[in-house]
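Here the protein sequences line up with chains Y and R, keeping their order.
Residue 1 is where the first sequence starts when you use my numbering, and the numbers rise one by one after that.
Residue 1 is where the second sequence starts when you use my numbering, and the numbers rise one by one after that.
Be aware that one or more of the hints could be misleading.
[Stated by the list, open to error] Result set (BS3-like, lysine-lysine): computed pairs, CA atoms no more than 25 angstroms apart in a straight line:
| # | chain 1 | residue 1 | chain 2 | residue 2 |
| --- | --- | --- | --- | --- |
| 1 | R | LYS5 | Y | LYS8 |
| 2 | Y | LYS158 | R | LYS45 |
| 3 | Y | LYS250 | Y | LYS189 |
| 4 | Y | LYS8 | R | LYS158 |
[Said to hold, decoys possible] Label-pair distances were calculated between CB atoms; the ranges are:
| # | chain 1 | residue 1 | chain 2 | residue 2 | range |
| --- | --- | --- | --- | --- | --- |
| 5 | Y | PRO258 | R | GLY86 | 34 to 44 angstroms |
| 6 | Y | GLU110 | R | GLU12 | 25 to 35 angstroms |
| 7 | R | THR6 | Y | LYS189 | 39 to 49 angstroms |
| 8 | Y | ALA84 | R | ARG162 | 34 to 44 angstroms |
| 9 | Y | GLU169 | R | ARG207 | 20 to 30 angstroms |
| 10 | R | ARG73 | Y | GLY225 | 55 to 65 angstroms |
| 11 | Y | VAL123 | R | ARG162 | 14 to 24 angstroms |
Hints in this document: simulated from the structure, not taken from any laboratory.
Glycine residues also receive a C-beta, built at the ideal position from the N, C-alpha and C atoms.
Below are the chains, spelled out letter by letter.
There are 2 protein chains.
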Amino acid sequence: MIIIKTVKEAQEFSRGQRRSGRKVALVPTMGFLHEGHMSLVDKAKRLADCVVVSIFVNPTQFGPNEDLAAYPRDFDRDRALCEARGADAIFYPETSEMYFSDASTFVVEEALTGTLCGKSRPVHFRGVATVVAKLFNATLPDFAVFGQKDAQQVLVIKKMARDLCFPVEVVVCPIVREVDGLALSSRNKYLSPSDRRDALAINRSLRSAAAAFEAGETDAAKVRGSIVAELQAAGGEVDYVETVDARDLKPLELLARPLLVAVAVKFGPARLIDNLLME
Amino acid sequence: MIIIKTVKEAQEFSRGQRRSGRKVALVPTMGFLHEGHMSLVDKAKRLADCVVVSIFVNPTQFGPNEDLAAYPRDFDRDRALCEARGADAIFYPETSEMYFSDASTFVVEEALTGTLCGKSRPVHFRGVATVVAKLFNATLPDFAVFGQKDAQQVLVIKKMARDLCFPVEVVVCPIVREVDGLALSSRNKYLSPSDRRDALAINRSLRSAAAAFEAGETDAAKVRGSIVAELQAAGGEVDYVETVDARDLKPLELLARPLLVAVAVKFGPARLIDNLLME
Numbered sequence: 001m002i003i004i005k006t007v008k009e010a011q012e013f014s015r016g017q018r019r020s021g022r023k024v025a026l027v028p029t030m031g032f033l034h035e036g037h038m039s040l041v042d043k044a045k046r047l048a049d050c051v052v053v054s055i056f057v058n059p060t061q062f063g064p065n066e067d068l069a070a071y072p073r074d075f076d077r078d079r080a081l082c083e084a085r086g087a088d089a090i091f092y093p094e095t096s097e098m099y100f101s102d103a104s105t106f107v108v109e110e111a112l113t114g115t116l117c118g119k120s121r122p123v124h125f126r127g128v129a130t131v132v133a134k135l136f137n138a139t140l141p142d143f144a145v146f147g148q149k150d151a152q153q154v155l156v157i158k159k160m161a162r163d164l165c166f167p168v169e170v171v172v173c174p175i176v177r178e179v180d181g182l183a184l185s186s187r188n189k190y191l192s193p194s195d196r197r198d199a200l201a202i203n204r205s206l207r208s209a210a211a212a213f214e215a216g217e218t219d220a221a222k223v224r225g226s227i228v229a230e231l232q233a234a235g236g237e238v239d240y241v242e243t244v245d246a247r248d249l250k251p252l253e254l255l256a257r258p259l260l261v262a263v264a265v266k267f268g269p270a271r272l273i274d275n276l277l278m279e
Numbered sequence: 001m002i003i004i005k006t007v008k009e010a011q012e013f014s015r016g017q018r019r020s021g022r023k024v025a026l027v028p029t030m031g032f033l034h035e036g037h038m039s040l041v042d043k044a045k046r047l048a049d050c051v052v053v054s055i056f057v058n059p060t061q062f063g064p065n066e067d068l069a070a071y072p073r074d075f076d077r078d079r080a081l082c083e084a085r086g087a088d089a090i091f092y093p094e095t096s097e098m099y100f101s102d103a104s105t106f107v108v109e110e111a112l113t114g115t116l117c118g119k120s121r122p123v124h125f126r127g128v129a130t131v132v133a134k135l136f137n138a139t140l141p142d143f144a145v146f147g148q149k150d151a152q153q154v155l156v157i158k159k160m161a162r163d164l165c166f167p168v169e170v171v172v173c174p175i176v177r178e179v180d181g182l183a184l185s186s187r188n189k190y191l192s193p194s195d196r197r198d199a200l201a202i203n204r205s206l207r208s209a210a211a212a213f214e215a216g217e218t219d220a221a222k223v224r225g226s227i228v229a230e231l232q233a234a235g236g237e238v239d240y241v242e243t244v245d246a247r248d249l250k251p252l253e254l255l256a257r258p259l260l261v262a263v264a265v266k267f268g269p270a271r272l273i274d275n276l277l278m279e
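Please construct the entire structure, taking both the sequences and the accompanying hints into account.
Written out as structure tokens, the structure reads:
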């Protein structure tokens, strides 16, 4: 496994792979890898001959009062995990390699980003779309593999890849959870043991919502209300609980498939997101 | 020479070229080709083994009161010109191939586009940057060749290619003029014979500005004033006359190299642009 530090080297690496007839899959990450990321690496290995994991804590997707400085990092551990899982390369650029000080070009998506996390984090998806476009151009993959935990990000990236004609197939893998139901996230590191216990309310409330929907409940306000109540009862500070069309994130008042129930909630210092997809 | 109608075919064509070890150069145009475009094709042929000319009148770079519907088109003539000049392919997509009806992703450049044509045409450069990003991803070129007549466009595209890490070298060719000095433009077709005579004031006034600068004149306001006076004396309706730093388009009050003097002016129905670059 090689470590690639520059965009130019990444492009040359990928073009070399393609000249040898090998397909390339990218797994874009911000590092501090967990089994969720590893499931993306496994998927990438099944899709392509060569797997590139990018590790870059992208400053432009953090707002001014967010956790950029605190975001957990452990490159040595990440490298060992990628190597053990059979990745072929890690693209691990410095911030100065990814952003010139006078950078002024951005990729914006305007239909899907005014709601959910885009509402709470106004610059977030502009940062995400821009950096993913850059990562696509740096690593020139045939496939890019993302996790469903970031449900809105997945839709934004798919739309961007389609709208800008990127020759990249965006592939999505299911959420990976701890045995007790907590969705894996690098930000789970922020949770104290008691916060972590409280945070189990997230998945529990989503599972209750799924059960209600499957039993015939279609009143979206009622379902959202139950989730909010369960999160607050556990001490969570709710950012949003939304019931939306899973294709375009338009709010649903009458629940119907394809349904996405999306939640963002703070437990202690950690803002966590999770979701339920009923296709 | 082949005609390519879809993004997917264009990507396959370019990847096939590259697999055969051939470099690809793109000449992006809106058609109604003239010797200015042909000089770009000649340059592309010197740079690469395979030349793709794109012909697409991009609706998103026209404002609501601009000349999208009137913009001149003659595909048969364009095809013959490209073939005669040795292009290998024309990428000639329908608007519906380039834009889904629910397209919502845009490329924006924010440092260079608030001035000159970006001021007069507020949506123009968002449309240009977005379509060029799409054309890059469709035709996957090693080189993309643009004309210096669109001086601001050249800077915006170079910045976009750099900021988004496109693996494309942006190459710029000098303005091509008629023997009497009029810069070639598809929009010259809009000029009546008398408009056309009047429009010679554009190049004449720029040449006077160059001569004054070379003789030691550094008072930008005075130079701009002379150009405006000469254009108005010829019956032109001035949109802008600007003296700017040729690297970042920042206004200059004291003329110094690298200097760009940029002009937009209407003669009859035609809004024409031209410029003088002193590097």
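Do the hints match the structure? See the list:
1. R/LYS5 with Y/LYS8: Violated, at roughly 31 angstroms.
2. Y/LYS158 with R/LYS45: violated (35 angstroms)
3. Y/LYS250 with Y/LYS189: violated (32 angstroms)
4. Y/LYS8 with R/LYS158: Between Y/LYS8 and R/LYS158 the Cα gap is close to 16 angstroms, so the pair holds against 25 angstroms.
5. Y/PRO258 with R/GLY86: 34 to 44 angstroms: violated (51 angstroms)
6. Y/GLU110 with R/GLU12: 25 to 35 angstroms: holds (30 angstroms)
7. R/THR6 with Y/LYS189: 39 to 49 angstroms: For Y/LYS189 against R/THR6, whose Cβ atoms are near 46 angstroms apart, the range 39 to 49 angstroms holds.
8. Y/ALA84 with R/ARG162: 34 to 44 angstroms: Given range 34 to 44 angstroms: holds, Cβ gap about 36 angstroms.
9. Y/GLU169 with R/ARG207: 20 to 30 angstroms: Violated: the Cβ-Cβ distance is about 53 angstroms, outside 20 to 30 angstroms.
10. R/ARG73 with Y/GLY225: 55 to 65 angstroms: holds (57 angstroms)
11. Y/VAL123 with R/ARG162: 14 to 24 angstroms: Cβ of Y/VAL123 to Cβ of R/ARG162: about 21 angstroms, so the range 14 to 24 angstroms holds.
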